[in-house]
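Visitor: Each chain, written out:
Protein chains: 2
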Amino acid sequence: MSSSNAKRKLQVVSPVPADIDVANSIEPFHICEIAGDINLSPKHYDLYGKYKAKVLLSVLDELQGSGDGYYVVVGGITPTPLGEGKSTTTVGLCQALGAFLDKKVVTCLRQPSQGPTFGIKGGAAGGGYSQVIPMDEFNLHLTGDIHAITAANNLLAAAIDTRIFHEASQSDKALFNRLCPPNKEGKRNFSNIMFRRLSKLGISKTNPEDLTPEEIRSFSRLDIDPNSVTWRRVMDVNDRFLRKITIGQGPEEKGMFRETGFDIAVASEIMAVLALTTSLSDMRERLGKMVIGNSKTGEPITADDLGVGGALTVLMKDAINPTLMQTLEGTPVLVHAGPFANIAHGNSSIVADKIALKLVGPGGFVVTEAGFGADIGTEKFMNIKCRYSALTPQCAIIVATIRALKMHGGGPEVVAGKPLDQAYLSENVALVEAGCVNLARHISNTKGYGVNVVVAVNKFSTDTEAELNTVRNAALAAGAYDAVICTHHAHGGKGAVDLGIAVQQACENVAQPLKYLYPLDISIKEKIGAIAKSYGASGVEYSEQAEKQIEMYSRQGFSGLPICMAKTQYSFSDKASEKGAPTGFILPIRDVRASIGAGFIYPLVGTMSTMPGLPTRPCFYDIDLDTATGKESWSSSLLVTVLM
Amino acid sequence: MSSSNAKRKLQVVSPVPADIDVANSIEPFHICEIAGDINLSPKHYDLYGKYKAKVLLSVLDELQGSGDGYYVVVGGITPTPLGEGKSTTTVGLCQALGAFLDKKVVTCLRQPSQGPTFGIKGGAAGGGYSQVIPMDEFNLHLTGDIHAITAANNLLAAAIDTRIFHEASQSDKALFNRLCPPNKEGKRNFSNIMFRRLSKLGISKTNPEDLTPEEIRSFSRLDIDPNSVTWRRVMDVNDRFLRKITIGQGPEEKGMFRETGFDIAVASEIMAVLALTTSLSDMRERLGKMVIGNSKTGEPITADDLGVGGALTVLMKDAINPTLMQTLEGTPVLVHAGPFANIAHGNSSIVADKIALKLVGPGGFVVTEAGFGADIGTEKFMNIKCRYSALTPQCAIIVATIRALKMHGGGPEVVAGKPLDQAYLSENVALVEAGCVNLARHISNTKGYGVNVVVAVNKFSTDTEAELNTVRNAALAAGAYDAVICTHHAHGGKGAVDLGIAVQQACENVAQPLKYLYPLDISIKEKIGAIAKSYGASGVEYSEQAEKQIEMYSRQGFSGLPICMAKTQYSFSDKASEKGAPTGFILPIRDVRASIGAGFIYPLVGTMSTMPGLPTRPCFYDIDLDTATGKESWSSSLLVTVLM
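Each protein sequence line maps, in turn, to chains E and Z.
Final position of the first sequence in the working numbering is 634; the numbers increase by one with none missing.
Final position of the second sequence in the working numbering is 634; the numbers increase by one with none missing.
There's no promise every hint is true.
Copies of the same chain look alike in the list, so a pair counts if it works inside one copy or between any two.
To be verified - Below 25 Å or equal to it, Euclidean Cα-Cα: the simulated DMTMM-like pairs (lysine to aspartate or glutamate) are:
id : residue 1 : residue 2
1  : Lys(-1)   : Glu249
2  : Lys621    : Glu205
3  : Lys33     : Asp616
4  : Lys234    : Asp215
5  : Lys(-1)   : Asp58
6  : Lys174    : Asp453
7  : Lys40     : Glu531
8  : Lys(-1)   : Glu403
9  : Lys(-1)   : Glu23
10 : Lys484    : Glu157
Because the hints were derived from the structure by calculation, they are not lab data.
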């Protein structure tokens, strides 16, 4: 077996063909070959067709004693609505490290949602000569993880409403009789999961017959306040008409209707649990303690109270295994989890990163992407993901484009689907220079974590030497370890070799330990304040509702959790229109919610849509199948790279 | 390679342990071994883990010239709510044929819905020593087909509401501009799928610029009547609160709310399409022509009108490949599709049966199960499934139990979850004898198709010799080719060897050609009348709504489709309480609907629930995971076999 990941040299064509044409021009290796390159044997994975395999979590146990590789996180500057190529850079860098610099490398990526794929995005596998293949398998179904999340999320939702319904019509005794029915021998038993609720209630009895009427009542009656239910149903489809709905209007439901709604599946707390869990038993506990709402007396009600935590784990037991795929240059990719980057933390999974770090071993590289700009993605990577994983990155990349920097410097608005203003297509060093304040703040914020920061400028054909030099100089002045111009979109790994070398040096020369932005044992408001300060805010303003929620979560004992800000990705501030590096603003907190199972409190800064819509002409118009060859066509005429 | 399927001899224990314990007592073979036994090499399938593989449709092309095996369908008498062991008999018979009678055999089964698995059913993999393993993989996720159906169904649903929404706020010109936007060179193009709508409108132009304003209007504006939309969303969860809902209540949806609901995923027309399709290109056409409602002028609107037929096909392209699994005795099983047995036809897929018939070859056996009693399942197997597949069965099995026959003979009501009356636990030949009228009618109806009928009596420990003889005699008197007592639940394949021999003889001695119950070219009402007559009805009564729908479908050109009756499985008549073989009743048709893509008209006899609910104590209380071993526990204390 070769120690090198250099599996294939690309023959690049100029101008770069459409993404789908590039992807289809390459015959992928059988995934067994990719697995073999990182010392995985068939017992370590389950095949899902020829080009995907689920890597079993048991690999972690097997490699427990071996050392980790370098850990690199890819963030970005505050993006335009077109996206600045963070995924593409992540993939391109890995192709450089694996196929040109002879390093062991694994790319860790999020699984994309199918909603945007059929809506406006068209896919999320990178672009140009830096892509994950096969593109269609990456973008659709994959190995079923999001489908499993949808199934689990909605089983819990059905359990909630049905329980409220059954409790409304049954006496304590009838409820108890149904929950603990006598078996053939006339003996009642608690099922295993019931002991979790009994323990929460402080009841240590093991024989149902021994419960007092009061204990029977508190055990059997969850007494969920329908108005407190925060658990929503999910679907992996852009279906705006499900944002707000009324359920329970059938005659059999006896008038117990209630307003609720659907989120897109990746917004499910179960997705965040999958991303943050560290083992099967940890996942079992997190799923069980997810809070779905409160009892009428204000006690948090969990999935385990509803008896469904075990079933959720069974539904998710394969999903916990990351999916192995490959880049265009045959380097390995682990695709796993894709939580929302605002109401959740927007990072791929801890278990994939952990497995990858062991597989590449000392001297190897794991490159993982953090959603949105560094103010959100990298911040949550450090303060939430690394906190739960106990992993330490050595290097953080910040992806920048001349286009976005010009926007931050005062360039005209950039709107997806509309032609770019001339300012973006011809040289304008002054705009770039002015925009570098945005880059500089991301650099200094990221340096604060103790990592070396490398700026990767994702070069477009219209960028000029003078513009690129301006960015390079500004980055170094702001404290970047290095700043490198990259052409991986046009050239594949070869276009990111300089970036690869810079990253290697940054990793080898890290001087400081990892430093979180805030400790966990301060108050919720103090933690929010620390993050707001990193945005440039001079203060925080809480709505009445936010105050109420903070008080409740503190009372319920959840104030020790890290904070996951739900904020626009288009500005450091709460206003998408405020580009550059705004200061002196007051950050408004509209509401505060919690994902107790995943393990974070999420303040809402402004309104977050958790269910996208479809445009008049969705991407699905261009997605078809040639039934004679079985080949798909994904016309990319309308494909726009949009940051998730 | 051995020509025999006899892979393993079971060590049976008495009394029979719980299903999960039997299943867990056997280490399944790697699915490659099972595949090899039916001459499938790795190029013919995609692995999904170690115990499942998707058999590629290309196998059919490769084996086009070779002969088919015998084709056996398993139906049943009118069941009790406890089910009479049709799946178990199907599996047991195959274990007998493969492991004891040295025949090539493939079992073709439906994929179970996860809804009932977590609700009241607990699984559908057979039972006792006649099961498909691994049980958990069979019951959950499988290879993602139902998830793909859910995704496709709901993408179409989102496309409908969003299209109505966008049409409401945009001029013809604006709509057209968005549907056919100019590309970078300023040129407009139709996407491929748009030519389907153009062709339907009789427009043969290929350049968007050439359309007249009237053509632009009719092309761009589907003008869907919101009240006519029959397409509902689906979910593979028992969620009764979604039966009737109001959507579109968010402020962004501008007051365009509408009442609709969710069905369980297996009730989706896409599931019926999957079950009835014969090739990838046939599936593409069926998905595209699914009708979702009408325009305001009464024209049917299809998935292709919405531009989404291609994307649906891409979502379903892996789902069209059947999943290979194994029985406890190592014989091969193809699991594929699981449409509802009332609003759809309740049979597993045509492509799985076709592949299986080629794989076993002449002299081999394919045993496929038809949902519900023979009045529904076998009838639809013959008149819908065989019509579309052009396959001819040689033998139809009718599964009977002493318990159900006693019920038909006048025994007390049988209720799931309640103890059986003494009548069912001690000898009562008179009740059995009286109940055989039900069996006799199923036999004569089934014989009418030109197949040999073999009755399989699924023996319970409480059945007596006199009772069993009564059934045998009644079956032969009613024209059965043979009637055999089976103990496959207790003994595995060994307990169904006599059944296997009888089936072999029945197949070898078939004398008649396949004869459908009705021709396709008569009117909808004449076809409904023919089926009603087979139930014993003396006439049919149509509601005003049913009359209206029949008139509309006839006008729209759909009257040539076969009929799929949506009727209770608990009686030949429309009233579940009428046991035995009722005659002289008038069959009421409440409404008539259509699945145009799948290819049938379905009259509703009474009210059919297409979304089950959860009981107070759902099965999920007993489904958990031992996170130390990764093993699941499915306590079977509450498992009840219920026919689907």
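Visitor: None of the hints should be skipped; say for each whether it holds.
Guide: Against the structure, the hints come out as follows:
no., hint, in the structure
1, Lys(-1) to Glu249, "neither (56 Å within a copy, 56 Å between copies)"
2, Lys621 to Glu205, "neither (62 Å within a copy, 32 Å between copies)"
3, Lys33 to Asp616, "between (36 Å within a copy, 21 Å between copies)"
4, Lys234 to Asp215, "both (19 Å within a copy, 22 Å between copies)"
5, Lys(-1) to Asp58, "neither (28 Å within a copy, 48 Å between copies)"
6, Lys174 to Asp453, "between (78 Å within a copy, 20 Å between copies)"
7, Lys40 to Glu531, "neither (53 Å within a copy, 55 Å between copies)"
8, Lys(-1) to Glu403, "neither (39 Å within a copy, 73 Å between copies)"
9, Lys(-1) to Glu23, "within (16 Å within a copy, 37 Å between copies)"
10, Lys484 to Glu157, "neither (64 Å within a copy, 48 Å between copies)"
Hints 1, 2, 5, 7, 8 and 10 from the list above are not met by this structure, while the remaining hints are.
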